[in-house]
Structures are given as structure tokens and as C-alpha cells.
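> Now for the letters of each chain:
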Amino acid sequence: MSRRAPRTARVAGATRRLAPLLLTVAAAPLALGSCGGGPELPPPFGVGGDFDLTADDGQRWSLKEVRGHPVVLFFGFTRCPDICPSTLAEIAEAQRALGAQAEEVRTLFISVDPEQDTPERMRAYLQAFEVPVIGLTGTAEELQTVAAQYGASWDRIEDTSHVGYTVEHSARTYVLDRDGVVRWALTYEEGPEQLEEALRLALAAEATS
Amino acid sequence: MRILRLLSICLALGLPAACSDGAADAGGGTAAPGEVLSHGALELEGFYARTSFPPHDNAAAFLTVRDLGGEGDALLGVAVDAAQVAELHTMEVAEGERMRMRKVERLEVPAGGVLELKPGADHLMFFDLAQPWAAGDTVRLTLRFEKAGEVQLEAPVRAL
Numbered sequence: 638m639s640r641r642a643p644r645t646a647r648v649a650g651a652t653r654r655l656a657p658l659l660l661t662v663a664a665a666p667l668a669l670g671s672c673g674g675g676p677e678l679p680p681p682f683g684v685g686g687d688f689d690l691t692a693d694d695g696q697r698w699s700l701k702e703v704r705g706h707p708v709v710l711f712f713g714f715t716r717c718p719d720i721c722p723s724t725l726a727e728i729a730e731a732q733r734a735l736g737a738q739a740e741e742v743r744t745l746f747i748s749v750d751p752e753q754d755t756p757e758r759m760r761a762y763l764q765a766f767e768v769p770v771i772g773l774t775g776t777a778e779e780l781q782t783v784a785a786q787y788g789a790s791w792d793r794i795e796d797t798s799h800v801g802y803t804v805e806h807s808a809r810t811y812v813l814d815r816d817g818v819v820r821w822a823l824t825y826e827e828g829p830e831q832l833e834e835a836l837r838l839a840l841a842a843e844a845t846s
Numbered sequence: 158m159r160i161l162r163l164l165s166i167c168l169a170l171g172l173p174a175a176c177s178d179g180a181a182d183a184g185g186g187t188a189a190p191g192e193v194l195s196h197g198a199l200e201l202e203g204f205y206a207r208t209s210f211p212p213h214d215n216a217a218a219f220l221t222v223r224d225l226g227g228e229g230d231a232l233l234g235v236a237v238d239a240a241q242v243a244e245l246h247t248m249e250v251a252e253g254e255r256m257r258m259r260k261v262e263r264l265e266v267p268a269g270g271v272l273e274l275k276p277g278a279d280h281l282m283f284f285d286l287a288q289p290w291a292a293g294d295t296v297r298l299t300l301r302f303e304k305a306g307e308v309q310l311e312a313p314v315r316a317l
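Sequences listed follow chains P and D, in order. When we follow this note's numbering, the leftmost residue of the first sequence carries the number 638, and every step to the right adds one. When we follow this note's numbering, the leftmost residue of the second sequence carries the number 158, and every step to the right adds one.
Just so you know, the hints here were simulated from the structure itself, not pulled from any lab data. Note that the Cβ used here is the ideal one computed from N, Cα and C, for glycine as well. Hints may be right or wrong, so weigh each one.
[Unchecked claim] Far from chain P, by Cβ distances over 10 Å, these chain D residues were calculated:
hint, residue
1, P211
2, V235
3, G277
4, K304
[What the hints assert, rightly or not] Distance ranges between label pairs, derived from CB positions:
hint, chain 1, residue 1, chain 2, residue 2, range
5, P, A785, D, K275, 57 to 63 Å
6, P, T782, D, P267, 40 to 46 Å
7, P, E767, D, K275, 21 to 27 Å
8, P, G736, D, P212, 43 to 49 Å
9, D, D285, P, G695, 23 to 29 Å
10, P, P681, D, R297, 49 to 55 Å
11, P, S846, D, V193, 54 to 60 Å
12, D, V193, P, Y802, 53 to 59 Å
13, P, D687, D, V271, 16 to 22 Å
14, P, E741, D, E303, 51 to 57 Å
15, D, V193, P, E767, 47 to 53 Å
16, P, T782, D, R301, 40 to 46 Å
17, P, E826, D, E262, 46 to 52 Å
[Said to hold, decoys possible] Selected chain P positions facing chain D (Cβ under 7 Å, derived; list incomplete):
hint, residue
18, S723
19, E730
20, V768
21, P769
22, G801
23, Y802
24, S807
25, A842
26, T845
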């Protein structure tokens, strides 16, 4: 699993990895026919859908509430010292690069640790990051169901560490268009440049529903 | 004038570096933030900790360990002045993309090679923090190697 190389290497690597995305976007009109109005998004990734969970203010919350906005969504937990803060930092970096238009983006952090991640804990944690993030939690069953909807999964695993358990979880970052359709499922290796490009396209595309 | 000339000769010959008691060149000493530290057959560098996140019950630190001696070594334990509990952790990718952290009892330094503790991979993990770890702080790490023994480092705390 590659880790973050020096910036020049990352830019070069990102450009290489971005090429297929750009080619896909460029080729899409040939596959889908011209739709008119806005850039062509990649085809639906094939996962996703609406769900209801509990937000970090303690209220029930539905994905429908952000219909009309591009959405960045990923699964994590607040006791994760590393991957999750890094992902949030990359999301912040991508939105910073987009400037004012990034205000339309909605970022969702869905917990995979219902035991620890109460709404209050999530709210306190998410305030440490530069972008507004909606924290979502719920019962283990609800969180398993939503993860499965997005082709993700997680497991609570007992271990010998101080906490007594850890959570193993998929680490993709999903980008949804304004209609709530997942168009990108970026892997952990794909960095802020790919995310920025996905958000740029999602912002430029108009809602159709 | 003569003093200045002597000083300039000293600098040209690099004598101040040899004469100083800077931490970086003393094996087993305490290294200041940002230094490269020699410790027995090992070289330690790039050590830093990450800021903790609310509610500040855990934190992580990273560094690179290079084996110059060719025999290899293993990191067996860690302690820190700013937390009660310190562990060695590894990060695995299972089933192609599932991330999993796991506490381990040792991290190998390959013979003639490098052990790299970095975000997303092996790391030092801390619990029961004495206070939130904030950017600009320094934490004192004590690392225990199987062959090279104990060494102390001052690791700067950095934001993401």
C-alpha cells in the first residue's frame, strides 16, 4: 500500500492516476450520447442509496436532506488515530483548492464504532477539522446496513490493545452527485487531487431530479 | 583580527561540529526535535507526533529507523512522558482494502534496512494522555530496541 510520497512525486503520481479518470470523462459522451448542459460524470458506481441515521446533534438525519449538493462520504471512527484524520485532512485540502464553490459540498463521516461514537463524541471530534462535517452514527445494525449499501464493510475485533478492541473497515471515499448517485469510490491511495477533480465535476453537473 | 582569523579557520575545518556536545552525535543521548540521532548501529530520524483529536484519548507518533550495522534489530517497546499507555501498532490491509490496526509486540528493523513508522502503516500509539497533544508541543519518547537498548527522543507535535 503506497503512502504519501514527497509532493512532486505525488503530483506526478496523481497525474498518472488522473489520466484514466480524464479519459473516462472524455469518453463518456461517446458511450452515453450527448446529454447537454454540464460536464459528463462517470457512470454510476453501482452502490449507494438513501439512508437514515443519527447526526452529531442527536437528531435523526436522512441523506435526502442534502439532495442537490455534491456529497463526500466515508466510513471511519473517532478512535482511529491515523487513516480517518488523514482522510478528513485530504477532504479539507480538496475543498480548500476548490475555493468558494466548495461551500456547496456536504461532507459525511459515518461511524463504524457505535460503541464509542456517540453524537456528542463525534461532534467534538469533527470540530477539530477545517471543513464542516456531518457526523453520523446509529445502532450497529443500522451502521452495518449503510456500509453494505455502499459496498463497504466493517468488523469490531477484540484485541490486546488498551482499548480492548479495534475496528477493521473499508477505506474508500465516495463522491455523490447532486442527485445522490455515487459516481466515484476513491481508494485510500487516491489523494486530494483525485478528490478535488471529482468534486469539481460533481459541482459543475446540474441536478436532474 | 587574529581571533577572527582563527575562528574562520576553525569553521573552514569544521572544528565546531566536532567540538560541540550537540545531541545528534552522541550515541544514546537525547535528540532534539528534527535531529538525526545515532544509537548504536541504528540511525533514527524524522521523529514526530501527531496532534490528538477531541476527546483527546489517543495519539500517534512516527519515525524512521535505519540499520547501519547490517545485523538488524527490533523495536520492542515505547514509553512517553505525556501518556500513561504506549504501544506498537501496525496497519494491515485485509481483503484488498479493509484497514485494520493491530497492537504488536515487536517491529523488525531489517538487517541493513529501514523500519518506517508513518501514517497509514506501523506507528506508535498512545492512550490516557496527560493532556491534549497540541501543535508546537514536544513529547519525550523512550524507545527500547532488542539489541541497541533504550534511547530517548524529543518528538515535535505536528498538526496534519
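> Each of the hints needs a verdict: does it hold here or not?
Structure-based check of all given hints:
1. P211: P211(D) not clear of chain P: closest Cβ-Cβ about 4 Å, inside 10 Å.
2. V235: The claim stands: V235(D) keeps its Cβ more than 10 Å from every Cβ of chain P (closest is about 13 Å).
3. G277: Non-interface label on G277(D) violated, nearest chain P Cβ at 5 Å vs cutoff 10 Å.
4. K304: holds (25 Å)
5. A785(P) / K275(D): 57 to 63 Å: Violated - the Cβ-Cβ distance for A785(P) and K275(D), about 31 Å, lies outside 57 to 63 Å.
6. T782(P) / P267(D): 40 to 46 Å: holds (43 Å)
7. E767(P) / K275(D): 21 to 27 Å: holds (22 Å)
8. G736(P) / P212(D): 43 to 49 Å: violated (32 Å)
9. D285(D) / G695(P): 23 to 29 Å: Hint holds: Cβ distance 28 Å, inside 23 to 29 Å.
10. P681(P) / R297(D): 49 to 55 Å: Since P681(P) and R297(D) have Cβ atoms about 52 Å apart, the given range 49 to 55 Å holds.
11. S846(P) / V193(D): 54 to 60 Å: holds (58 Å)
12. V193(D) / Y802(P): 53 to 59 Å: At roughly 37 Å between Cβ atoms, Y802(P) and V193(D) fall outside 53 to 59 Å, so the hint is violated.
13. D687(P) / V271(D): 16 to 22 Å: violated (47 Å)
14. E741(P) / E303(D): 51 to 57 Å: For E741(P) and E303(D) the Cβ distance comes to about 54 Å; the hint holds.
15. V193(D) / E767(P): 47 to 53 Å: Taking Cβ atoms as reference, V193(D) and E767(P) lie about 32 Å apart, which means the hint is violated.
16. T782(P) / R301(D): 40 to 46 Å: Taking Cβ atoms as reference, T782(P) and R301(D) lie about 45 Å apart, which means the hint holds.
17. E826(P) / E262(D): 46 to 52 Å: With Cβ atoms ~29 Å apart, the hint is violated.
18. S723: holds (6 Å)
19. E730: violated (9 Å)
20. V768: Where the cut-off is 7 Å and the nearest Cβ of chain D is about 12 Å from V768(P), the hint is violated.
21. P769: violated (16 Å)
22. G801: violated (10 Å)
23. Y802: violated (11 Å)
24. S807: S807(P) check passes; min Cβ-Cβ to chain D is 5 Å, inside 7 Å.
25. A842: violated (27 Å)
26. T845: Given a least distance of 31 Å, the restraint on T845(P) is violated.
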